[in-house]
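Residue numbers (our numbering), protein chains in the order written: chain A, 282 to 535; chain B, 30 to 390.
Bear in mind the hints are in silico, worked out from the structure with no lab data behind them.
One or more hints might be untrue.
Short, incomplete list of chain B residues facing chain A, as computed with Cβ under 8 angstroms [stated by the list, open to error]:
(1) THR239
(2) SER251
(3) VAL260
(4) ARG264
Here the structure is a predicted model, which is why all the values come from computation and not from measurement.
Beta carbons: idealized from backbone N, C-alpha and C, even for Gly.
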Amino acid sequence: MTTIPVLEARGLTRSFGNVRALDGADFDVHAGEVVALIGDNGAGKSTLVKALSGNLALDSGSILFAGGEVDLNSPTQASSLGIETVYQDLALAPHLNAAQNMFLGREIPKPGFQGRLGFLDNKSMRAKSRAAFDELGATVRSLSDPVGAMSGGQKQAIAIARAVAWAKGVIFLDEPTAALGVVQTKNVLETIRRVRDKGVGVVFISHSMPHVLDVADRVQVLRLGRRVATYEAKKTTVEELVGAMTGALDGAHS
Amino acid sequence: MTTTQVKPLTAGTAGTPDRTSSLRQLMQVQSFQILLVLLAIFLVFAALAPEVFPTWGNVRQIIQNVSILGVLGIGMTFVIVTSGIDLSVGSNLVFSGVVAAKVMQAMGDAGWGTAAVGILVAVGCGLGWGLLNGILIAKAKVPPLIVTLGTLGAALGLAQVITGGVDIREVPAVLQDTIGYGNVPGTTLPTISLVALALILVFAVVLHKTRFGLYTFAVGSSEESARRVGVKVDRQLISIYALSGALAGVGGILSLSQYGTTAIAGQSATNLNVIAAVVIGGTSLFGGVGTIFGTVVGLFIPAVLQNGFVIVGVQPFWQQVAVGAVLVAAVYVDQRRRAAAARGHSSKTEGRKRLFGLRSS
Ligand SMILES: Nc1ncnc2c1ncn2[C@@H]1O[C@H](COP(=O)(O)OP(=O)(O)OP(=O)(O)O)[C@@H](O)[C@H]1O
Ligand SMILES: [Mg+2]
């Protein structure tokens with residue numbers, strides 16, 4: 282583990298009306314580690330993810346990428362740093378098919394003049410999508426049907442495959458296993474380890490403590506928009522995590 | 030019925046769709062269903078008036094009548110695919126025609142030079158209104174219905190201000206003779222229809238084969254998702270309304286050529302006719318779904334009904350009744366399809382869908 286986090290947030294604040302979704306939140310993730318981000322419903326996890334993936338304007342606070350301060354004001358900018366996100370609401374276009382969703386915003390043009398006219402190389406995009414789904418063990422049956430007609434788990438698999446395929450620096454997975462079956466969940470946890478081993482920083486959000494303890498290296502706990510504790514996954518327990526989330530166990534080490 | 034839900038472990042096991050189901054799938058595409066409706070209507074009139082209706086002369090007339098609407102329908106299809114609407118096309122057409130007629134009148138002569146300037150002026154005016162629509166919709170976030178209702182009134186009002194409410198009837202002869210009611214040399218196909226056909230083919234390719242088209246569907250399907258993956262949604266919307274506007278400008282010069290007058294009062298229902306055609310053709314008002322082909326078919330249904338009713342001696346007013354019914358039926362079909370797609374979220378209906386080969390696209 283390197284000493285400088287690949288991505289670090291310092292004192293992020295963001296209010297929605299009277300709700301302080303982020304209230305001086307800190308966060309850090311290193312390259313090649315899995316950080317689990319946990320917290321009760323409404324703790325601000327999704328909001329933090331949006332802020333760190335260029336989808337949210339902040340009231341205050343700073344974001345550092347590989348030690349240097351960055352101004353993440355658009356998703357495109359986050360992707361150019363290799364930051365990818367599986368949003369809680371997946372952010373797929375329901376009328377487009379799996380391959381189109383996989384490459385949306387990053388289409389492969391046809392070679393030569395045709396490509397410059399805007400024609401797309403659908404064949405290689407389909408082949409690469411298929412390979413990505415297979416690698417994930419995803420049960421995406423058809424590449425030509427609109428994803429809106431697919432099951433929740435299939436959609437989730439597509440969103441995960443997309444983020445994994447493009448993530449070079451950091452990947453955020455906001456409750457990626459919420460809709461998945463047992464086998465698919467195992468696949469996703471496996472994928473998380475694989476991505477980590479490639480040197481990517483993985484941020485895993487989940488309400489399932491067993492999964493968190495299974496896959497994470499460190500666990501950071503968010504409560505009321507603030508990081509209240511950080512644990513080594515090996516040295517903590519479900520009880521301790523639940524205590525930190527609910528506030529029953531204040532004064533935790535960090 | 031859990032037995033139908035056993036899923037293969039890897040995506041790779043899903044084969045390519047077999048040939049026998051592709052015909053069935055084709056039958057469930059709305060633009061194809063509507064093509065069958067069109068054929069049925071055609072056959073009924075052909076049976077009722079075999080001497081007059083199914084002749085090239087008559088069909089040519091129908092084709093000529095839908096040509097200008099076809100040009101407008103292209104832009105409207107793009108707009109409605111984004112789940113937007115453009116009510117201003119008819120007024121924009123009139124405005125562009127009026128300004129072009131004024132400019133050509135001022136230039137005095139009736140040659141190609143003047144005509145070329147007129148064409149550029151008309152397209153430029155249309156583009157201008159379209160850009161205004163697009164910027165207000167994408168940047169100011171005013172709903173398309175309101176923005177284009179506003180420009181509908183503004184463009185028509187300004188056209189009347191410019192002309193003092195009196196139609197201009199001086200249109201260069203070259204425009205009228207060649208584009209207006211001329212034929213493609215050596216054929217009996219109206220030139221105006223060839224112009225429309227060329228635009229339709231080009232933009233059908235753009236919508237269905239290019240990145241611009243893909244982004245159009247993506248924005249209509251989920252604006253937020255498109256934005257998050259880096260699609261420049263605002264730019265896309267502005268381009269699409271600009272396209273619709275520019276095509277209305279093309280419609281303006283075509284209308285001048287065809288009728289030899291600015292026909293200020295003649296376009297009050299054009300926007301609704303075009304929208305009806307787009308929707309009949311299977312483009313969803315809710316965005317994300319649509320074809321240019323469907324729009325073309327959707328334009329022919331009212332036109333064939335109108336023509337047929339006149340020929341068989343039914344009061345042509347019935348055409349409006351019939352088109353109204355077709356329109357509501359088309360939206361009903363779209364709604365059912367969307368409801369089926371929404372049900373598709375549960376894996377239960379998925380199994381059933383697979384069993385009966387129902388499709389939700
Ligand atoms: N766009 C928004 N507008 C208004 N309030 C918002 C918005 N987004 C988040 N909030 C509020 O901010 C707080 C944190 O929400 P957030 O979605 O980040 O929670 P979370 O930790 O992801 O919860 P969950 O576990 O339920 O997903 C909540 O009180 C929520 O109501
Ligand atoms: Mg959340």
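We went through each hint and held it up to the structure:
1. Taken as an interface hint, THR239(B) checks out: its beta carbon lies about 4 angstroms from the nearest beta carbon of chain A, inside 8 angstroms.
2. The beta carbon of SER251(B) comes within 5 angstroms of a beta carbon in chain A, closer than 8 angstroms, and the hint placing it at the interface holds.
3. The interface hint given for VAL260(B) is met, as the beta carbon of that residue sits about 5 angstroms from the closest beta carbon of chain A, less than 8 angstroms.
4. A hinted interface residue such as ARG264(B) counts as satisfied when its beta carbon comes closer than 8 angstroms to some beta carbon of chain A; here the least separation is about 12 angstroms, so the hint is violated.
This entry does not satisfy hint 4, going by the numbered hints stated previously; all others are met.
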